[in-house]
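Dock chains B, C and D against chain A, hints included.
Listed below are the residues making up each chain.
There are 4 protein chains.
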Amino acid sequence: MNTLSPGNAVLMCRTGWFATLWQEMAERLQLKPEFIETDWRRGADVPAIAEALSRDRSHRIKAVCVVHNETSTGCTSRIDEVRAAIDAAGHPALLMVDTISSLASIDYKHDAWQVDVTVAGSQKGLMLPPGLSFNAVSPKALAAAEQAKLPRSYWDWRPMLAANETGFFPYTPATNLLYALDTAVKLLLEEGLENVFSRHDRFAEATRRAVRAWGLEIQCLDPRHYSSSLTAVRMPPGHSADGLRATILGQSNMSLGNGLGPLRDQVFRIGHLGDLGPLSLIGTLGGVEMGLRAAGVPHKPGGVQSAIDFLAGNA
Amino acid sequence: MNTLSPGNAVLMCRTGWFATLWQEMAERLQLKPEFIETDWRRGADVPAIAEALSRDRSHRIKAVCVVHNETSTGCTSRIDEVRAAIDAAGHPALLMVDTISSLASIDYKHDAWQVDVTVAGSQKGLMLPPGLSFNAVSPKALAAAEQAKLPRSYWDWRPMLAANETGFFPYTPATNLLYALDTAVKLLLEEGLENVFSRHDRFAEATRRAVRAWGLEIQCLDPRHYSSSLTAVRMPPGHSADGLRATILGQSNMSLGNGLGPLRDQVFRIGHLGDLGPLSLIGTLGGVEMGLRAAGVPHKPGGVQSAIDFLAGNA
Amino acid sequence: MNTLSPGNAVLMCRTGWFATLWQEMAERLQLKPEFIETDWRRGADVPAIAEALSRDRSHRIKAVCVVHNETSTGCTSRIDEVRAAIDAAGHPALLMVDTISSLASIDYKHDAWQVDVTVAGSQKGLMLPPGLSFNAVSPKALAAAEQAKLPRSYWDWRPMLAANETGFFPYTPATNLLYALDTAVKLLLEEGLENVFSRHDRFAEATRRAVRAWGLEIQCLDPRHYSSSLTAVRMPPGHSADGLRATILGQSNMSLGNGLGPLRDQVFRIGHLGDLGPLSLIGTLGGVEMGLRAAGVPHKPGGVQSAIDFLAGNA
Amino acid sequence: MNTLSPGNAVLMCRTGWFATLWQEMAERLQLKPEFIETDWRRGADVPAIAEALSRDRSHRIKAVCVVHNETSTGCTSRIDEVRAAIDAAGHPALLMVDTISSLASIDYKHDAWQVDVTVAGSQKGLMLPPGLSFNAVSPKALAAAEQAKLPRSYWDWRPMLAANETGFFPYTPATNLLYALDTAVKLLLEEGLENVFSRHDRFAEATRRAVRAWGLEIQCLDPRHYSSSLTAVRMPPGHSADGLRATILGQSNMSLGNGLGPLRDQVFRIGHLGDLGPLSLIGTLGGVEMGLRAAGVPHKPGGVQSAIDFLAGNA
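Chains as they are written, first to last, in the numbering used here: chain A, 1 to 315; chain B, 1 to 315; chain C, 1 to 315; chain D, 1 to 315.
Next up, chain A with everything else stripped away, as it sits in the complex (with noise of 0.2 Å):
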């Protein structure tokens, strides 16, 4: 809304459903979106992107938009080397990324990346219920906002940035959630960032160990994409991911992420990011695997086990 103008094309690649949903919005917004696709099983497509914008001689594209963890395939895309194409290709396009279930998560460097604009929200690794969305914006950014000509009010930064200067919000703002936030920032500060994410990654690969031990399959191909976030799991063809949510649901009170778009009962998915122990992580794995047998799902018994052993030499 604030940096672009109608008309204007960007750049993004369809890691899965909410990048998909990107699209959506910038086809709403009359922009023209470009996708790259990819098989849902991996992160951005850097050297797509790389070749996408080093063919744009012209600076049509505005902007490079990426969903830095992509909800949907428990995919996680390098922003870093992102950066690094951009950079390579010397390109003027802004680089936008879509941190709703990556920040406080997973690391992530707005400014060390020169990240132009980050869009995130409260309701995940922030630990509050939902109702707050953040934007962390470039110097770059703030000088595109003034030529952009897309209709904008309540998104606008420029009250916001000229409010906030003195404390205040030019909208009622969602007082409630922002003593949560106070609140939810001071116990991340308390475990340390670092440890924050280092826990985050220790459940993943707990996670990981867990599916590989019931013989099942990871959604996301490429360890390095790995989502700390949340893990994406594949059924065995013929058995439904959410009949097996169904039966979880009901077996154990749990509800368990359902598979998007062209994913539609073909995967679950298990979120381990936020408020989040050892403890309730187990919990969480002896529900998946509690539903799995009385589902009749084909898997191996052991996966909780294989969780424990990973977690207790490394906890």
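No wet-lab data here; the hints were simulated from the structure. All C-beta atoms, glycine included, are put in the ideal place defined by N, C-alpha and C. Careful, some of the hints might be misleading.
Partial pick of chain A residues on the chain B-facing surface, computed with a CB cut under 7 Å [as the list claims (entries may be wrong)]:
id : residue
1  : Met25
2  : Arg28
3  : Leu29
4  : Gln123
5  : Pro130
6  : Gly131
7  : Ala174
8  : Asn176
No more than 35 Å apart at the CA atoms, straight line, and that leaves these computed lysine-lysine pairs for DSBU-like [said to hold, decoys possible]:
id : chain 1 : residue 1 : chain 2 : residue 2
9  : B       : Lys149    : A       : Lys140
10 : D       : Lys109    : D       : Lys140
11 : B       : Lys300    : C       : Lys300
12 : A       : Lys32     : B       : Lys32
13 : A       : Lys186    : C       : Lys186
14 : D       : Lys186    : B       : Lys186
15 : B       : Lys149    : A       : Lys32
16 : C       : Lys140    : D       : Lys32
17 : B       : Lys186    : B       : Lys140
18 : A       : Lys149    : B       : Lys140
Showing chains B, C and D alone in chain A's frame:
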């Protein structure tokens, strides 16, 4: 965002500060607001609206926008009369109404008054924390939305209406506030909307009696436009409203509304809406009377007593 | 329970209903209460206590028991004077004081007044829900506990003191209230005990001014015994206090204290202790004044105004 | 306090630490406890109770006191068999049962088993914070209370029963917990008591299977006395239970129960009662297994997996 296109003219009535903020919004959205001025001491100028519409033979004006209850002045516009003026002029403009500080406090009839777009929020008469807003939309507005050219995504009614059909939202909603809303609506229906409105009317009249007993002037000059949500009170010349507010905050830990825009430091505002009983109102007025005395503002004592006299006969 | 043996005589002063409940308790515990009667319109009768002690050459009386603030009458006993009377008589009786409705509202000096056993609760000046009670105990009381013969287990100080040494309790304590207590004590210390006490004094005086302005009679006849926690107000002859209370509950959703024992239906009680600011007090008095009018109780209007006049000059 | 007189003999069974605390209590109350010893690895010794009663021709014993579920050992006494033994002996002693850690977790029949005094608390199976306790009392116990000579006031049933008739309490009750109790009872009735009990049985069996898979020893030796509220686990000789507990607290932020009295440092206790689902139980057992490994306690892995295997077939 949903019914208009860039360059569309909209007719607005500058009843106060919040109506003025609509002007800013309209301009940011590349609309062409045309403003009917007032002295900020009454509601929307219906004859002037009628005249503007009758002059507009070409139907250049696409919408008439009115703030139902102008929070900056304590004046409530007569939406029924605005509706009648539009009908009398035979003008096809949409009627859009901001009910932020009136909904569930002052009677309002979206259907009977054939309003096309009603905008509301959670943080006033609905007695919730801020964080939710609402649109009520007429079929005529929905039809206009099909033709409207303003680029919109988050605010777009269409995906919201589609998702709501099955009880969902296109984006993660502020779930906690939805539970609170459910409770607030139950409370309002238990009391009965007629009782809720007459309670607000009674508290507003008690407040005005206090103000008059103090010998101070009510900002709203037209009794037909008196607000039942809040009362703005003018300071005697040479006395600072913000000074009085600071005195009261220090003395009684009560924060009154300030004068906005041209009314800065000239009025203070007493809110009497939402989850409020007679004793809280009496305490509120007591805090004002103690503050007037402590701040050395010329006034006659007895305002609270006048309110009590009125309430005792009518509570 | 801790310092006495069956058959021991204890000297009590029937200042009102709660002192009378001590009688019942003493009898159930097989003690021999000796009561000094009062007219329920003042605090403990110190000369009568002095006389009873001086007559008791054999030191049959083992304890003098006084309710600091008699909640049923709004009379506060002068514990300092009781102490002086015991000392003047050279009598070895223990001094035991019930501070349920005075602690943290009215100044009280367990050490300076050499009280032997102070009893308190969480639900009044400490601003907590009910569920905790407290004993402050002198060395003399601890010594008496070694000889006392009343069978006791849960109430026994010894295991409590032993466990407390290491931060524990002999039985599972009401943990949630301990967290609340920690917060309540912080609030009191932030305000400063001197300020807390003078706030209560000021609110009590404002209340009495309202009562006098209404032309009603304060139950407490001795200004040296006025309670800063609550004020009991006498109804004009032929008028029902409980009728008034019912009127006010219906009209303003405010529940006043009722008359207890012989004062049944003759007095109503206005609490003004704990987490209370000036505006809540004014609202409270407003509710009483509206109720007096609605119930047809003969009175002069202007009570609330008198309170405001006082508070405005002293807040 | 209510049914006995100083000097009365009471027959108790030292099933563990909490039964021992009853001894202390009885002695403080000037009763004469006679104790049947056990090895702390089973419930009350019914044949020994039968024998003691049959020897007591003079009916010196006034009450038989049993802890239903001994929280220190994880052994549940057979109250039905105790009842039968009293009846078989034709002995008039009252039957008193402590159900603190069994009520609403393990089936208990105050009426059918003709228990005279049942004691319970809010903080275990009722899922509330601590702060409430309960007595269920038989007509026989009420009759005994009329003759009993122990001095009592706060604990006295008579004023409580009188006040309860009209919905009141003789003293200010812990109101917040009464609201919570109302909700807890609703939750229990919604689930159905039979389901609540079988859930606890299932979780206890799953826990025992985990313990056996680890190769550790269950403190309770008699399967008829297995507790469904908690399981106490013996450490291998030479290994410290408190060391393991500290390891688990640090590693997983989970605090297990410690060994009490002679079991100090020899057992740790796994609670599995109250508001607990299968995934929390699996997480709990996972925390134990990780701790066993981290603390270097000799054990076989696979305990959690055994629990999952059992739960999956029975959940």
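Outcome of the hint check:
no.	hint	in the structure
1	Met25	holds (4 Å)
2	Arg28	holds (4 Å)
3	Leu29	holds (5 Å)
4	Gln123	holds (6 Å)
5	Pro130	holds (4 Å)
6	Gly131	holds (4 Å)
7	Ala174	holds (4 Å)
8	Asn176	holds (4 Å)
9	Lys149(B) to Lys140(A)	holds (29 Å)
10	Lys109(D) to Lys140(D)	holds (16 Å)
11	Lys300(B) to Lys300(C)	holds (20 Å)
12	Lys32(A) to Lys32(B)	holds (27 Å)
13	Lys186(A) to Lys186(C)	holds (21 Å)
14	Lys186(D) to Lys186(B)	holds (22 Å)
15	Lys149(B) to Lys32(A)	holds (16 Å)
16	Lys140(C) to Lys32(D)	holds (30 Å)
17	Lys186(B) to Lys140(B)	holds (30 Å)
18	Lys149(A) to Lys140(B)	holds (29 Å)
In the structure shown, no violation is registered for any of the earlier numbered hints.
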